[in-house]
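Protein chains: 2
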Amino acid sequence: MAKSFLQNGGLAAGRSTTRSITSRLTSVYSDVQNIRIDYDLPLPSVLRNPFKVVDGPRSTAAGHPEEIEKLFPNLFGQPSVMLVPCDSDSVLPDKKLKIGVVLSGGQAPGGHNVISGIFDYLQQRAKGSTLYGFRGGPAGIMKCKYVELNSDYIYPYRNQGGFDMICSGRDKIETPEQFKQAEDTVQKLDLDGLLVIGGDDSNTNACLLAEHFRNKNIKTLVMGCPKTIDGDLKCKEVPTSFGFDTACKIYSEMIGNVMVDARSSGKYYHFVRLMGRAASHITLECALQTHPNITIIGEEVAVKKQTLKDVTDYIVDIICKRAEANYNYGVILIPEGLIDFIPEAQKLIAELNEILANETVDEDGLWKKKLTDQSLKLFEFLPRSIQEQLMLERDPHGNVQVAKIETEKMLIQMVDAELEKRKKEGSYKREFKGQSHFFGYEGRCGLPTNFDAMYCYALGYGAGALLHSGKTGLISSVGNLSAPVEEWTVGGTALTSMMDVERRRGKFKPVIKKAMVELEGPPYKKFASMRDEWALKNRYTCPGPIQFSGPGSNAVNHTLRLELGVV
Amino acid sequence: MAKSFLQNGGLAAGRSTTRSITSRLTSVYSDVQNIRIDYDLPLPSVLRNPFKVVDGPRSTAAGHPEEIEKLFPNLFGQPSVMLVPCDSDSVLPDKKLKIGVVLSGGQAPGGHNVISGIFDYLQQRAKGSTLYGFRGGPAGIMKCKYVELNSDYIYPYRNQGGFDMICSGRDKIETPEQFKQAEDTVQKLDLDGLLVIGGDDSNTNACLLAEHFRNKNIKTLVMGCPKTIDGDLKCKEVPTSFGFDTACKIYSEMIGNVMVDARSSGKYYHFVRLMGRAASHITLECALQTHPNITIIGEEVAVKKQTLKDVTDYIVDIICKRAEANYNYGVILIPEGLIDFIPEAQKLIAELNEILANETVDEDGLWKKKLTDQSLKLFEFLPRSIQEQLMLERDPHGNVQVAKIETEKMLIQMVDAELEKRKKEGSYKREFKGQSHFFGYEGRCGLPTNFDAMYCYALGYGAGALLHSGKTGLISSVGNLSAPVEEWTVGGTALTSMMDVERRRGKFKPVIKKAMVELEGPPYKKFASMRDEWALKNRYTCPGPIQFSGPGSNAVNHTLRLELGVV
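Residue numbers (the UniProt record's numbering), protein chains in the order written: chain A, 1 to 567; chain X, 1 to 567.
Isolated chain A, as found in the complex (with noise of 0.2 Å):
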């Protein structure tokens, strides 16, 4: 509007201002940085009076807790916890704390957050704490490589996206050597607790060094906090993993570009990749946001045993009702980890590194008899450049690369043979176009939205209170998040009552379960019962950009806002 534009100096105000933020390396801050870095975030109000810390009822695991419980001798069985309001404020030790955090894993948005928010709680509850950054992730605990966070130092990545405040590493605390170099940091920095922000492998391992300090009486605590995009990591005390609101919305902003551009030249299937390679929750999310035509959901393909030619034929089925309407364009959502759903292509995966590893393969293809029939059949149906990648793209274990295989371009190719077909039988008459996109690292990074924001907040604020309460093996959890801001619970909830074992090499190994698209939860059943409509109609919704203010800027996913019974 005129009326803010010259308010706003009119096009002298510019997009990027050059106010540089310089402790956040060289940066140089846009507007809208400028702008979230002063975005003042609410607290739930249990957090903002006195509190105490209250117990809930001895806690089980979520599988085989007689396995659990032998190699979690000390956690096993405690309480999850909830933080209640309280008369006093001297409930909590009137002390100074020395608190480590430690990113882990890929990146997610919001983590920046945790951390200012545990900083904050250490600044106004227990003043005169110290508040150390491993950097790099969790090798920055075992080379003792570490910062120390102050205010200054934290401000500029204040609602900031990425984890460069310390940077994040995939290195695992694993081997009894590796403990020895935990236990040795945390006693040179005389550490009261640790907060390790990561996925599920990571407070996994949070648990395990929890585990290990109170077994060898170090006094460092260790507090988890649930981080990933591709929202996996949940259960019922623990609603949804930080960084999935934002990265979904990123992606469905492009994909509501994608649709209005495919209806608007009318010429193009679009087949969007996304990010997400264990469950399909974000691919669910986004078909959520935004009405594709068609969504792969990879829980369904590996429950209904599907083939690549039933996904194949299920696309093209569409695609020639869709013809038959006129319609010559389309949206296509694939997970990332499609492949990976496949029990035929797993089967083809696993013959081909066992082939590859002992043989060499002849340019007659006399190779190919090793494998099976099945195996043989899929890899003949296979695109030749997928049937190069197969044979080409090794990682140095000599193993196919699943990751690497462009599934959106194996898809497109096979859709069209199968067109081609049908055109040749006449049941076919177009010409099918495909366009294929990725979608996954512009949305790890993004600027985290309002919800993610305040959700980090009071994480990594509660961590703050949970640590300084004396907990120790607990996920920071932030409940109840369809009522407002004000209203959110938190406490924390036991790691080992999430735990499962499996068996690698005949041990049991403690893993948090991943959770994977629940066929029989509300999210999966909205899109089935929407899905067809989709397919054949055009229902495309255009989320457009984050807003950071204004209606819609403060709602959150369809996904948990389904899980939570919120219509």
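Keep in mind that the hints are not guaranteed to be accurate.
One copy or two, it doesn't matter: identical chains are merged, so the pair holds either way.
[Claimed, not checked] Subject to a maximum C-alpha distance of 25 Å in a straight line, what follows is the list of computed DSS-like cross-link-like pairs (lysine-lysine):
1) K537 / K145
2) K404 / K433
3) K267 / K143
4) K172 / K267
In short, the hints are calculated from the structure, not lab data.
With chain A fixed as given, assemble chain X onto it according to the hints.
Just chain X now, kept in the frame of chain A:
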């Protein structure tokens, strides 16, 4: 903030409402779409008050005026015009107009606003007028496929992305038969005017139609409107083409996110190919917005007659220098049309087109002897996958499809090979991991920024005024863009004044020359003065998602600001 969250009804507000705007097909509008529909657009004051149309001096042509005069005997030399305030409201005839509008070529954010602009003009200033929308681009004119646009029809498209209100197409009105068809249509509909919204080709076409109608004494006036995200249709009087601002900001959002990702994980070089084949304006603007480590500008490559090896070495040198500074990551921007700017690549492609049209390609590679030494050397330098693409991916005429070459992947492979070489020589010691991205379709149909929304509305409204005042052969031009909207100037520029001729098949053809990146222009010079610093220091800016309200939401792109002399 808690307050707006509460006001908003908390989570229940949802992100996409079920309020369905039925006339936009079957879409379900998101909150942001709904807010944008009712966004009230300001008009330049000259359009809000009585105005008259004032002629400027006689015009000439951008080149070869004598040839342009021969091609446009009726229009050549006509002045550009300006709207200026006047006392009386009765300057323009009180008459009901019949106007047609058409969208031509690729989508650009803001097209719908041009249409709503001219619609509102007719509603407010020539009451009782009729606006027809030709469907599917120029083919809609030739086939007389149209829809009558009314308030209800237009409403859901206000401030929305895409061209789906009437859709677009790439057909051209070229042959005498096609001109006759257009003639029949405008006469059948008794059109007083036609507004052609398109790029350089479409505006040239608009001018040919204007000349044709004038020559045949047909009353239909023809007006052009500057559309293209590529930003290569502009001149002094037409400061920018619409859509460029939005597309660049969408790409810059993604680039900014990828930068934060690169810095957080510290292990990837992201190679980002950006749409915009003929000119590198988009790449340059995105560089100015985000400050990547490396940016390739096609026009510079062409002027310096760089080879692919030169470009590769330039990238590799910076990667090595960054490695010395312990930065093993970065972001690299590449224009989609890079190959077109490299003389040796053009030569190779021409030779391949020739050879492959006439020779069989033998497996032993004897055909390669037909290549000149220079081309053979380049061919052998290319990664195998690109060699295959050059050999196999051909259009229906047998020509190499340059647009399909994934330049970013090609460069990753060439950079990787060169770095391996330097590793052996000992001058590089790190691991190189390239990640490829192509940002294209997601930028063409986004919700227009405030600037594009306002600019397009003024362009359309102004076009209505020009047609009303009896002008033809002009392109709608809105100027003084560095001032508040209030003070923007509105007028029309003689299309012939933007033209030169090209010799094709022995004949002179009129063309509006594409505006390339000027190596002496302020945007490039600003970039050139900064790039060495950006290469080695990380001056990343993360513009974040486009905001429609608040600070910065009305700011425009750097290219336009620098060209207008706004610091």
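Report task. Find the hints from earlier in the document that the structure breaks and name them by number, from lowest to highest. Result -> The structure breaks none of the hints.
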